[in-house]
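S.K.: Each chain, written out:
2 protein chains.
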Amino acid sequence: MTLLSGHIFKGGNWWLVACFQLLSFFVQAQGDPLPSWNNSAVKESIIRFVSAVTNGQSSGYVPPEDRIATFDNDGTLWAEKPVIQELFVVFRINQLVAKTPALRNKQPYKAVLEKNRAYLKAMGRNGLLDLMNITHTGMTETDFREAVRLFFDNARHPVLGVPIAQLVYQPQLELLEYLKNNQFKIYICSGGTVEFIRAISWKYYGIPPEQVIGSTFHYAYVDSARVNDIMLLKGLYQLNDQKEKPVNIQYFIGKRPILACGNIGGGGDISMLRFCQGSQYPSLQLLVHHDDDEREFAYEEDDNESLNNAHRYGWGVISMKNDWQHIFVDAVP
Amino acid sequence: MTLLSGHIFKGGNWWLVACFQLLSFFVQAQGDPLPSWNNSAVKESIIRFVSAVTNGQSSGYVPPEDRIATFDNDGTLWAEKPVIQELFVVFRINQLVAKTPALRNKQPYKAVLEKNRAYLKAMGRNGLLDLMNITHTGMTETDFREAVRLFFDNARHPVLGVPIAQLVYQPQLELLEYLKNNQFKIYICSGGTVEFIRAISWKYYGIPPEQVIGSTFHYAYVDSARVNDIMLLKGLYQLNDQKEKPVNIQYFIGKRPILACGNIGGGGDISMLRFCQGSQYPSLQLLVHHDDDEREFAYEEDDNESLNNAHRYGWGVISMKNDWQHIFVDAVP
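Going down the list, the protein sequences come from chains A and B. At position 328 of the first sequence (counting the first as 1) the number is 328 in the UniProt record's numbering, and the numbers step up by one without a gap. At position 271 of the second sequence (counting the first as 1) the number is 271 in the UniProt record's numbering, and the numbers step up by one without a gap.
No wet-lab data here; the hints were simulated from the structure. Nothing here was measured: the structure is a model prediction, and the numbers come from that model. Among the hints, a few may not be true.
Any copy, or any two copies together, can satisfy a pair, since identical chains are not distinguished.
BS3-like cross-link-like pairs, simulated, lysine-lysine; straight-line CA separation at most 30 Å [as the list claims (entries may be wrong)]:
1. K243 x K115
2. K180 x K106
3. K180 x K203
4. K255 x K99
5. K243 x K121
6. K110 x K321
Input sequences plus hints: build the corresponding full structure.
M.R.: What follows is the structure, given as structure tokens:
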């Protein structure tokens with residue numbers, strides 16, 4: 001081969017050299033698993049990590065069955081200004097008022113319809129839970145699924161004016177695909193309620209519904225002459241946020257993730273990343289930083305808790321501004 | 001080919017015919033996915049069902065992602081006389097007494113060590129829950145996992161004298177394998193606690209730990225200078241039995257099983273089978289009937305509720321005596 005190459009490249013066969021260089025360029029371009037990521041330190045750390053855990057000769061090798069990754073959803077896989085599930089609450093209030101017009105003048109329906117933020121804010125935590133109960137419970141799982149389907153078929157972002165599917169981050173889709181191609185099993189681990197996310201997890205992210213962990217209401221199984229279904233009941237059964245994320249990962253998976261990705265915003269993912277970091281295997285922690293006011297939104301935490309933890313524990317911080325070439329999904333499913 | 005075949009089989013080439021028949025026999029034998037099952041109606045119904053849901057031309061076709069199967073564990077995948085987790089309670093009591101000998105004279109340790117059934121029975125439900133708390137909680141998930149590993153490495157069935165791995169039903173292993181080969185995703189859905197089953201789900205059944213749904217205690221995530229782990233706390237968080245089985249299937253999977261298999265004994269699987277039967281797809285419900293006093297055990301329910309439901313709703317009843325050629329696993333993992 002050396003002889004042959006020598007023969008080809010000697011004697012001024014410049015067009016052959018050019019062809020080989022072009023070919024090499026295309027192979028490299030094809031070979032980049034994260035084309036919407038800039039070639040920065042965080043991208044490099046991801047590729048280095050995945051290469052190490054999948055290399056049977058590496059001391060950091062992790063068997064495929066233990067390649068668990070957990071991703072937060074709001075602000076990590078899609079935009080969270082406003083939280084999409086809040087738009088669903090408004091959609092459901094409109095549905096309920098359409099069915100029972102008298103509700104229009106009753107609270108909290110009235111405040112939601114009139115976008116009375118002061119009233120809604122004054123309701124406090126219990127008032128918000130009431131609003132969730134009204135819009136998410138008191139029906140069968142089948143009926144709820146249908147309501148969610150209708151919502152996603154029609155809803156648009158109130159500011160950006162695009163369908164919800166358009167709010168998914170393209171670089172993250174590439175990361176999910178890259179991990180799947182390397183035999184990672186990926187779970188969403190979100191503060192949103194589980195049925196809501198399950199409705200779109202496969203279509204938007206290629207993640208099966210059974211790999212979604214979320215907050216849940218109380219359920220009851222009803223088997224009667226008329227109904228054979230799960231009833232969604234009032235009251236949160238599990239709130240999947242902060243320290244409850246590791247707890248629910250243990251309930252649902254029983255294995256620690258070796259890669260966990262959340263975002264800076266409400267401090268909700270710190271415990272999930274710390275739990276990941278306690279793995280017996282090498283592990284990678286990532287936090288999306290919303291620092292791109294031009295292409296998306298810019299916001300931080302008042303107390304900087306997520307960023308402080310990132311610095312303290314050596315987590316990767318993904319700057320949307322500097323690390324992502326594109327923000328939103330190229331092709332809507 | 002017809003001409004050739006005609007040529008070969010004509011003219012008294014009886015030895016060639018015999019060879020072909022022998023070959024055909026081996027092919028058929030190799031092709032039987034359930035060799036430890038007798039060729040009975042229930043085996044036929046299983047094969048007919050799997051053939052229909054996997055046949056793209058069939059009206060009963062089910063896409064792979066919706067081929068969910070749920071299996072009870074105790075009495076369905078392995079023997080339940082006594083319930084294996086009860087043996088673990090005894091093992092843990094011995095562990096605790098070895099560490100703190102003074103406990104030997106304290107209740108309920110004393111009653112367990114002396115096998116004082118009258119005392120244990122008189123403790124009632126709360127007493128039993130106390131015993132579970134003492135033996136299953138107050139430690140990290142990592143330490144619990146180690147205790148379970150030690151138990152399974154050493155425990156033997158008190159009557160049959162065999163290792164626990166030997167109590168798995170061979171025909172069910174073949175059924176699990178058959179379903180997996182037909183792209184079913186199989187979950188264990190058991191009244192046993194989830195960490196206990198997860199310790200052996202892959203080794204004994206080829207089912208990944210994250211596909212085990214069970215009862216659970218309360219958990220808390222602790223992240224301190226000394227500990228980064230899930231603490232197992234006192235008190236049941238979810239009891240996965242009867243009507244809670246569909247509820248937890250909804251929490252964990254968010255899809256109805258199209259095949260559900262339980263056993264006759266405590267009526268614990270009726271709701272899971274009814275939930276399965278409410279699927280939008282064709283579905284199959286199976287109940288293992290312990291009617292083989294010679295090779296295993298024979299027991300029924302006082303009120304016959306499982307059998308009555310089987311008759312009412314057309315569920316398949318697996319007679320261990322008549323439908324299974326072998327009972328226990330051929331080769332211990």
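S.K.: Please go over all the hints and tell whether each is borne out by the structure.
M.R.: Hints, verified against the model:
| no. | hint | verdict |
| --- | --- | --- |
| 1 | K243 x K115 | neither (32 Å within a copy, 41 Å between copies) |
| 2 | K180 x K106 | neither (48 Å within a copy, 53 Å between copies) |
| 3 | K180 x K203 | both (15 Å within a copy, 24 Å between copies) |
| 4 | K255 x K99 | between (45 Å within a copy, 29 Å between copies) |
| 5 | K243 x K121 | within (25 Å within a copy, 38 Å between copies) |
| 6 | K110 x K321 | neither (39 Å within a copy, 66 Å between copies) |
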